[in-house]
Amino acid sequence: MKINGYQTVKSLEEAYNLLNENKQNAIVAGGAWMRLSSKVIETAIDLSGLELDQIVETKDTFEIGAMATLRQVEKQEGLKELYNGVLSKALSKIMGVPIRNVATIGGSIIGKYSFSDVLTPLVVMNVELEFYKKGIISLEDFLVSKDRSKDILVKVVIKKEEAKAYFHKMQKTGLDFAVVNVAISKKADTFKIAVGARPSLVKFALEAMAFVNGAKEVTEEVILKTADIAGKELKFGTNSKASEEYRRNIAMAYIKRGLREVIK
Amino acid sequence: MKVNVKVNGQNKVFNIEPGDYLLDTLRKENYLSVKKGCDNSSCGVCTVLFDGKPIKSCSLLTAKIEGHEVITVEGIQKEADKLSDYFGAEGADQCGYCTPGMALSVYALKEENSNPSDEEIKEYLTGNLCRCTGYQSQHIAIRNYLEDK
Chain A
6 MKINGYQTVK SLEEAYNLLN ENKQNAIVAG GAWMRLSSKV IETAIDLSGL
56 ELDQIVETKD TFEIGAMATL RQVEKQEGLK ELYNGVLSKA LSKIMGVPIR
106 NVATIGGSII GKYSFSDVLT PLVVMNVELE FYKKGIISLE DFLVSKDRSK
156 DILVKVVIKK EEAKAYFHKM QKTGLDFAVV NVAISKKADT FKIAVGARPS
206 LVKFALEAMA FVNGAKEVTE EVILKTADIA GKELKFGTNS KASEEYRRNI
256 AMAYIKRGLR EVIK
Chain B
522 MKVNVKVNGQ NKVFNIEPGD YLLDTLRKEN YLSVKKGCDN SSCGVCTVLF
572 DGKPIKSCSL LTAKIEGHEV ITVEGIQKEA DKLSDYFGAE GADQCGYCTP
622 GMALSVYALK EENSNPSDEE IKEYLTGNLC RCTGYQSQHI AIRNYLEDK
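Going down the list, the sequences are from chains A and B. The working numbering puts the first residue of the first sequence at 6, with every later residue one more than the last. The working numbering puts the first residue of the second sequence at 522, with every later residue one more than the last.
Be careful, since some hints might not be right.
Stretch-level coverage of chain B by chain A, calculated; a stretch enters the list once three of its residues show a Cβ under 8 angstroms from a Cβ in chain A [said to hold, decoys possible]:
id, region
1, 557-563
2, 568-574
3, 580-594
4, 641-651
Rather than coming from a laboratory, the hints here were simulated on the basis of the structure. Quick caveat: nothing in here was measured; it's all calculated off a predicted structure. Virtual Cβ for every residue (Gly too), placed ideally from N, Cα, C.
From just these sequences and the hints, can you work out the full model?
Right, here's the structure in full:
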């Protein structure tokens, strides 16, 4: 990555105008993952002065400023209870504390990183993203959107819901990216099943979700069938970390475990 | 571009390029206790404290330190000396390359949680790799340091 200029902005409007002034201008969030990129940034736009690192708990939501670090989110007391703390637990397994003190929630979402251990647990929760110009978009819609227009993620809003969730990442070492990761949530009788690091971007197992959500009772037989459907419907790939077959089997195993966990 | 920063209590002005990372800036400015290892956010030998929190300096753009405070191991000399006694007693040092970064993480852990469980110590130090000791002796030394035995 090469950065030719750097500007710390005083307002979102200034940031937005600068961002759209040149297609090679880009927002710098934490900057932790930027090194992985080979792109050239004409002007890096720093939002650090805009107080976007606050986490506010309201009656119905947690509003997380896009510049809040992963460590801030992980340590937020209220979030440790939401969906039985799945987000806090997932974040606590990312790299180590020194990286989580740099990487931000906004940067982790906006990059749509295929290896993300942030997106997978978030997508099975009820999450909306607030952009400066585009307004509010659900995380689900954002992940499948092909809209390439440049905007600024201002906050991440997680709705408080009575629900249980499960997350597991398979990794080779404590500091490695996930080989595959799985998140499952159960709100009332509705299940969501998401698989990330396939090695491509996180995706819902929609057919498996339809099957388990249509079942009268989630028996062991239903769990096995759900995992089998997910294994067949989702695309997995091979890279230096693992083969397509390995990923598929690991994902199926953790879908079974996750379903057993959330129906307890 | 210029950045103003406080390093180990002293006000400094660094001349940097916009894409410089803090690790390279600090080493260029002769803060040589900040080691360069993997340079890709894995090993933790470049750990410093940024506003009191441990970060890997290879993963933070120097431009982001404007107006903030950075502490290297020299900035916690007294505590580092104390910790090194515990490390010495347990044979927890060999080549010593990881020690400055690890000392800063241990110091930050103590500030954040003065009575951590064994699991919390392990979890907090996940980002600081040591290829000599196998961690057991370090873990005992850190536990003893925190308990001031």
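Structure-based check of all given hints:
1. Residue count for the region 557-563 of chain B with a Cβ under 8 angstroms from a Cβ of chain A: 3. That meets the three needed, and the coverage hint holds.
2. Evaluation of the coverage hint for the region 568-574 of chain B: fulfilled, as 3 residues show C-beta separations to chain A shorter than 8 angstroms, against a requirement of three.
3. Against chain A, the region 580-594 of chain B contributes 6 residues with a C-beta closer than 8 angstroms to a partner C-beta. That satisfies the three-residue criterion, and the hint holds.
4. Coverage of a stretch by a chain is defined here by at least three residues with a beta carbon nearer than 8 angstroms to that chain's beta carbons; for the region 641-651 of chain B and chain A the count is 7, and the condition holds.
Of the numbered hints stated above, none is contradicted by the structure.
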